[in-house]
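Can you make the complete structure from the sequences, with help from the hints?
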Amino acid sequence: MMAMLWAQEIMSCETTEEAKAMYARCPRLLKEKVKAILIKSGFEEITQ
1 MMAMLWAQEI MSCETTEEAK AMYARCPRLL KEKVKAILIK SGFEEITQ
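Per full-length UniProt numbering, residue 1 is the first one in the sequence shown, and the count goes up by one each step.
Derived from the structure by calculation, the hints contain no laboratory data.
Quick caveat: nothing in here was measured; it's all calculated off a predicted structure.
Treat the hints loosely; a few may be bogus.
[Said to hold, decoys possible] Think about it this way: if two alpha-carbon atoms lie no more than 30 Å apart in a straight line, the pair counts; the simulated DSS-like pairs of lysine-lysine are: (1) Lys40 / Lys20; (2) Lys20 / Lys33; (3) Lys20 / Lys35; (4) Lys20 / Lys31.
Here is the structure:
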């Protein structure tokens, strides 16, 4: 549930740089789940 909220916040960022910065701030315990959600949603470039 928390991973989905983080992913939604990241996807709602206006720029890729903003999204990457938010992804970097994602808690380490949620990062893998958030990454999977972003990739599934077509936002793979943010996770690299």
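* Please name the hints from earlier in the document that this structure breaks, with their numbers sorted from lowest to highest. => Of the numbered hints given earlier, the structure breaks none, since each of them holds.
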